[in-house]
Every structure is written in structure tokens, then in C-alpha cells.
Amino acid sequence: MMQFNTIQSIHQAYVSQDQTPSSLLQELLQHIHQKDELIHSFLYVCEKESMLQTENIASPITHELLSRYPLLGVPVGVKDNINVKGTETTAASKILQNHLSVYDATVIKKMKKLGAYVIGKTNMDEFAMGSSTEFSAYFQTKNPIHHSYTPGGSSGGSAAAVKAGFCPVSLGTDTGGSVRQPASFCGLVGIRPTYGFVSRYGMTSFCSTLDQVGTMGTCVEDAFHLLKCISGYDSQDSTSEKMEWEDLPDVPTISNFGVISNMEEMNIDPFVKKMYDKVYHFLSQSYKPSSFYLNKLDCAMATYHVIADSEASSNLSRFDGVRFGLQRKGISSEESYIRTRTEGFGTEVKRRILLGTYILSNEFAGNYYKQALYAKELVTQELESIFAQCSFIIMPTALKMPFKFGERKDPLDMYYSDYLTIPSSIAGVPSVSIPVGINDDGFSSGIQIIGPRFSEKLLWRIARYIEEEVS
Amino acid sequence: MTKPTIGLEIHIQLLTQTKMFCRCKASFGDPPNTNICPVCMGYPGALPIPNKRAVEMAIMLGIALHGNIELISDFSRKNYFYPDLPKGYQITQDTIPIIRDGFIKMNEQQTVHLERIHIEEDSAKMIHGNGNNQTHINFNRAGVPLLEIVTRPCMHSHEEAGVFLEKLKQIISYLGISTGRMEEGALRCDVNVSISDSDTVLGQKVEVKNLNSFRSVMRAIQYEVKRQKECLENNCPILSETRTWIEEESKTITMRVKDSKSDYRYFPEPDLRSLVVTEDMVEHAKSKIPELPDEAFQRLVSSCSLSTYEAQLLTSSPDMLRYFDECILGFPHPKIVFNWISSELMKIMNDRNCSIFDIGVTPKNLQKLLLLIQNGTISGKIAKDLIPQIIDTGKNPQDIVNEQGLSQVTDEHFLQEVVEKVIRDHPKELERYHSGEEKLFGMFMGSCMKETKGKGNPTLINTILRKALKK
Chain U
1 MMQFNTIQSI HQAYVSQDQT PSSLLQELLQ HIHQKDELIH SFLYVCEKES MLQTENIASP
61 ITHELLSRYP LLGVPVGVKD NINVKGTETT AASKILQNHL SVYDATVIKK MKKLGAYVIG
121 KTNMDEFAMG SSTEFSAYFQ TKNPIHHSYT PGGSSGGSAA AVKAGFCPVS LGTDTGGSVR
181 QPASFCGLVG IRPTYGFVSR YGMTSFCSTL DQVGTMGTCV EDAFHLLKCI SGYDSQDSTS
241 EKMEWEDLPD VPTISNFGVI SNMEEMNIDP FVKKMYDKVY HFLSQSYKPS SFYLNKLDCA
301 MATYHVIADS EASSNLSRFD GVRFGLQRKG ISSEESYIRT RTEGFGTEVK RRILLGTYIL
361 SNEFAGNYYK QALYAKELVT QELESIFAQC SFIIMPTALK MPFKFGERKD PLDMYYSDYL
421 TIPSSIAGVP SVSIPVGIND DGFSSGIQII GPRFSEKLLW RIARYIEEEV S
Chain W
1 MTKPTIGLEI HIQLLTQTKM FCRCKASFGD PPNTNICPVC MGYPGALPIP NKRAVEMAIM
61 LGIALHGNIE LISDFSRKNY FYPDLPKGYQ ITQDTIPIIR DGFIKMNEQQ TVHLERIHIE
121 EDSAKMIHGN GNNQTHINFN RAGVPLLEIV TRPCMHSHEE AGVFLEKLKQ IISYLGISTG
181 RMEEGALRCD VNVSISDSDT VLGQKVEVKN LNSFRSVMRA IQYEVKRQKE CLENNCPILS
241 ETRTWIEEES KTITMRVKDS KSDYRYFPEP DLRSLVVTED MVEHAKSKIP ELPDEAFQRL
301 VSSCSLSTYE AQLLTSSPDM LRYFDECILG FPHPKIVFNW ISSELMKIMN DRNCSIFDIG
361 VTPKNLQKLL LLIQNGTISG KIAKDLIPQI IDTGKNPQDI VNEQGLSQVT DEHFLQEVVE
421 KVIRDHPKEL ERYHSGEEKL FGMFMGSCMK ETKGKGNPTL INTILRKALK K
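Protein chains in written order, with our numbering: chain U, 1 to 471; chain W, 1 to 471.
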């Protein structure tokens, strides 16, 4: 199936009539049946829905048709916290087991309108809280590169499905690194867009202030192509920006690029360091490197957890068993809530709800949360001041290479997986992770390119450049 | 001397087409759970969008009540679990309400000052019972826009609170932003009562809920003042508590004692941006404010020469005033119009408990009827008799007069004959009249009117009869 692991290869097969959308789907489904038993990337495979949609695609497929429907016949894996009408959307939680979506998220609508179809809903850490997909309430997803390793998370299923060749691209969600980190663990390209550039409508909220839908693909071209198709203003999301892909600023003349000198203090995996240096030297041939010390790096991590857990505690209040999802009866509504939520939520989700509830409680009179919003502003300002002096920054996506199942038992260890992805999340700026090199186990190291708000076109250019020459 | 102090918290339901944060119809009289969507049901992924019209209504009320409009205010989440609250939090305004301060002038001496007015969303409606120990929830009401109006603790008697509520209701119905009908829950009022023997320090505040009419608000205050006085006299402590009014027993009982402030974990709503009010929005809202009751009252007294009683009656509701104004447009005799409205029409309104516009006599028809009296076509008596026919047939009074030949007889020759016949028929009465029993004139007059079937012009008959009786 590997010959169909890019959008371009699929479209070529359609135009040359080697494949029709239906025949390709049949092959993919067969492949999924054979291999996903082992990998467990999908929580739900949309067989019937996909068949119906592919059968409805007109033939012959011409280049002209493809220019109007740039995602025509493209199967997309969709993280299970994004609503796809008529399919189960559980966010990998027991509390939403068998919950059928009654509507399409805006990103799904946009994608379908341009010809794509959802091939399956991918596994994830419950409510996107985690960095290994081990916190799914249903099952673990294996890293297709090496099955004893986690695919990263929380969008681990979306990464595994693409890596395993079940679909060329997928949607994930990134709150603190949940697209970029699994993409880097599975040797893929993963993008977190500018906050407000992609609609959150229909994505199950974890942390409204930081959540963004992101894309993954086997190549820079595909991940950006899909992002282009799902981006833009949405009147149904108040936090959405009035910005369309066409209105993004053009790529500026690149003068120099930034590196973070804090890295010298960090305990970085030698292979990660080697690959990072490789990119650094390559870019240095064309652009001047400038070094910056990110004072607020440690503060970003704390800020992230205060904001994320506070909002999560409130965003997850709606799962009360009254209107949808799991319901456990009790002699009072209070008892019913307790039983439903005790049974419905997993340990990590409960931990965050408890932390968030405590942070927002009277004891702190909301001050912790307000302080965190203030700290978020400081991190943002610091990054902005850096972008005033350089065009983009590079840094590794994760400090360490992929880890094995059960390897990170201490929650704090797990939280540190996001150490380098959190700053751009906090600042609301876009970031793309691209795979560089391959070690003896077959893993690549993810290198992030981070730019100022709405610099997606610039990131695309740089990512492509590095991909061509280094990866 | 102990002095009671009273503050009110009033919620009014706004008459918008759609709900506060989604596009569902804001009409909860429809069959249960028909006006619902993912947003107002709190489904995963759904996001709120503020209703501009509701914001405009808040600004209108703010202007009408002389408040200060905050150009930037915040939406917040008030977190608590209850089955009627779909998201597990209510979107409201906490630290910065859209309107601060403001007042209602009750009379020359008294003014009730407001603390704030803010926007929030209503909860669903719970229906208990049906004898099967079940509770049903109707979500049609969930998300309907509300304004909460909080007064300062500045009233000192139940009468004052009653007048304030009447005034407030009058203003909101003039603005057309709410029906203000308490019996339908379109206006809800909670009361805070305290008593103190100091002029400077307020006593312990007690909150009273479950008030279903202005009358019960007043009675509950009366009861609470008396109860608290007795507590003081008997050296019983007055607890910080919420009490509930039991209408049937005319008393308040403890609902819950507040040991510490309830913990609603307020924090800024991360799914919404700050609410920005522009100069344009304020100007637009201003242009939509009609003449308010106080202004109308002044106009009626000064330019229509009506008494304060008459002006008060006509300004009691916007419909009444509009009806009056439409009538005097074509029949510029305010006093006569008032008399007809206050006697004939109000009788029917009260019988049917409806608006003056719904009784079936349009202002045009009342004008025509009054013109027919003025130009002598019909008598006032016939005009009164015509009202039921106008209501039944909806016909123009002139047409009814023509069809039934009800025009007054002004033919002097004919009337002369009638008078002579009546005198001929009553020889004994004529004799008594001539011997000084002058009150018999009324009998002769009545007989003449009867003879003409009520159509004879009374003034003419009067003149002719007097002349004839002198002979």
C-alpha cells in the first residue's frame, strides 16, 4: 500500500485510471483489516460511509476536476474528538461510548466539500490528555515503526494510521503538542496552525484557549495541502480569526533564523541533538543563525498546565449522563453524576479535572488562572520579540526519542514530553514538525520550525527546503 | 427604631427571535425539546456565538435606566452541576457587566439606584411529578437570553419594592424587550432583606426566592421584615441564608444556610472574546428607544391637558398609550377619547383580560364613532350600543349606521309632530307639569326618544319640547 501514501500518488492513480476511489478504498480496507488488528490505530472504521462516498465520486477524474476538488477521493483519518456526523465520536472515553455525532465539525464539512472522505476515527489519549495514546479508555495504539513503542500522543492513532499506510493524511488536535509529538514519533510531518486559523467548532474542547486542529502527512506537501483546505474563518467559532489561506502574508525575504540557547542546558537525546545540528548546519549555509535565550521556557510549562487543567475541568462538566453518553442512575441527581463520572472518566482525566477544579476554587479566587493568562501573555511577548529579530526558529520537537509502553509512569515525566512543543501552543504561533534522519530502530527525530502568527506559507517553504535537502 | 433595607435581583427574559448563543428559536411554548441544537444542549464540540440583538436590548435598557455602558465587558462561566444546566456552567458576566449603575426615579423624592445589569443565558425547565416520581427536562428554554438587573440595597418598604417593580416592568414593556410577565416566568425576582437599628451599618442579609407575582414579592418582604424584627427582639440570631416563599402558607422557610459563599469557580469564558460595544451600537440602540412612560406622562399632562390620574392610566402600558395616540391623531379631543377608553373599552379589556388592541375596536373605528357623535349623526347612547356590533362584525361604524338607519332624526317638522303626539298621549302628566311638577320633563323627553326609537336628536327634541310645554 505504500505506493499510495501521498495525495499526489493517489491522484495520479485516479487520473491514469489505475485506481478508482472505490477500488482504492477496497484495497485500503483490506489492508486495515489485516494490519490494524495489531496496530489499533482506529477506534472505528467508517466502512459503509466511505463506500457510499467513494461510489458517488464522478468519473473520469481529470486534472481539471482535481483543481476544483483538491481532496477528491482522499481518505482522511480523523481523531476521535472531532465530530463526524453519524459516526461515533468518543474522544476515546468510556463516558462517550456509543455516542453518535449529530453534526459535522467545520473542518469535516470543509474537507468533505473539497472531495475528501473520513476513512476512520483514530485512537487517542482520552480527551486528548496524554502524550502516548496509552490513556485511551479502549486500547493502546502501537507505533507502526516498532510495535513495542508508543506512537506518541495524544493524536497517536492519527499518526499510526498514516504511518501504517491506512490513509495518506490525518487530522489531529494539538493543545500542547498533540499533533507534532506523535508525528515526530512516527516519522511524519505534523502541523499546529496559528491559533484561530482553523475552526474549533465540532472539536470536543479540552482547553479552549489552546486547542487547535492540526494535520499530519508523510510529506510536507500533504500536511500543508490538507491544512490549506480546512483553514479559514468560521462564524460558528468566536475565537476564529477573519483570515483565509489566500490572505496569509506572502513569504518574506528570509534574513536569519533563530535558535534557542536554553537547549545547551537540556538533557537532550544524542540522536535528537545530532539531527538538530544537521538541520542547523544546513540552514546556516543559506541564512544567518541568531541565538536567543528563552527566559520564559520553564514558565510556559507551568502556565500550560494551569490553563489547560482549569478549562478542562469546566469543559468536561457537560459529561453528566443527563443528555448523552454514559448514564449511571442514582437515588439523586448528585449520586447519578458521581457514579457516571467515576465510571466514565479515566485516571488521567480525573487527575486533571481535580487539579483544574482546585485551581479555580475560592481558595485562589480565580487568581491562579488569571496569573496563568498573564504569564501566557509574557511568553507570547517574548516569542514576538524574538520574531522581530529573526524569520523563524528551529528546535527539536521532543527532547527524547520515542519511548516504550509503560516507560513513563510518573505523570510529570509524561508532561515533560511536551516541554518543547508547549511554548508555541502558549503563544498561539504556528509550528511544523518534520522528520529528520533515521536511527538504528528506524525512528526519525522531529525538528520543529516555529514562525510568527500566520506565517504558515513561510513554514511551508522552509519545511519543504529542509525535507528536500536533509530528510 | 429598626429600619428594613431591601435589594432586588431581577431576571428578565428577552424577546429575541433566537437564543443567546445559538440560532434556535427562543420560544419555549413550542412542543418540548423541539427548539434545541448541539450548542444549547451542550453537546461535545459545540461553541457559543453571542446574539447581537440581545446585546442591543441590554444597551437599550442601560440607556433607558441611565446606566453606564461598559464598552468592553467580559463573558464568564459560572460552574455548577444541575440537570437543567446543559454544559455544567452558565455563561454569564461576572467582573465586568455590560451596564453599571443606573436608576429609576420613583417620584420627586425617591430614586432606586441600580448596581449593574448583565447578560446571561437561561437554564432548561424541569417538570417534576406526573405522579411517577420522574422529572422531565424541557431544553427549549435552555440558552434563552436573560438580563439580570441588580438594585442597590436602597429600598425600605415592601410598597417601595412593589412600585419599583411596576415601574421597571413598564419600562421594559415600552422598550419591547420583554413581556415582563412574572406569571409566565418572563420576569423573575429574588429579594434580599435585612433590618438594622443603625443608619450606617446594614443588618444580616437574607435572600428570599420562589416569588411568583409582584404581590408575593411584597408579601414576602412584609413577612420577612416582621420575622427578622421578632428575631432581634427575642435575641435570636438572623442567619445568612436563602429562604423560600410558601405562597399557600404566606411565610418563608429556610432553603439553605450559606456557611461560605457558594463556589461557582467563575473564570473568563475562553470560547468567547470580550464583548465590545461600539459607538455605532450605542447610537443604533438609542434610535430604537421609543418615548418612555415618564416622558409620555409629561406630554399627556402638558400638551393634552389630562389630569395626572388620566395620564397615569393611559401610560400604564405601551399598548394603551399607542392606542390613545392613534385615536387623537384623527380625533384631537384627548379628554373625550380618554373617557371612552377608560369606561367602555377598559370594561371589555378587563372582562377579557386582553390588550386594548385585541378587543376588536381599532383606533380608526373609535375615531369614526366619536366623529359620528360629534357631527350629530348618532347619539352617545347609540354609539355605546354600536360597540358590540363593531367588535362582532369588524365593520366601520358609519356602515353600520347606514345599514341600520341609525342616523339621528334632525327633521324639525317630524320632531314637532312627535312632541305633539307625546303631549297628546299624556294629558294627566301635562296637567301635573303645568301645576309645577317640573321633573316630569324627563318623562316627556324619554317618551319622545322612545317614539323616535332613540334616533331623534336629543338637543332638538329638548328645544321643541320646552317650547311646546310652555303653551
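Be careful, since some hints might not be right.
[Unchecked claim] Facing chain U, from chain W, some residues (calculated, C-beta under 10 Å):
id, residue
1, 50
2, 139
3, 262
4, 357
5, 359
Source of the hints: derived by calculation from the structure; they are not laboratory data. Every residue, glycine too, gets a C-beta built ideally from N, C-alpha and C.
A quick look at each hint next to the structure:
1. 50: Check passed: Cβ of residue 50 of chain W comes within 7 Å of chain U, closer than 10 Å.
2. 139: 8 Å, holds
3. 262: 9 Å, holds
4. 357: 38 Å, violated
5. 359: Status violated, d = 44 Å.
Checked against the numbered hints above, the structure violates hints 4, 5; every other hint is satisfied.
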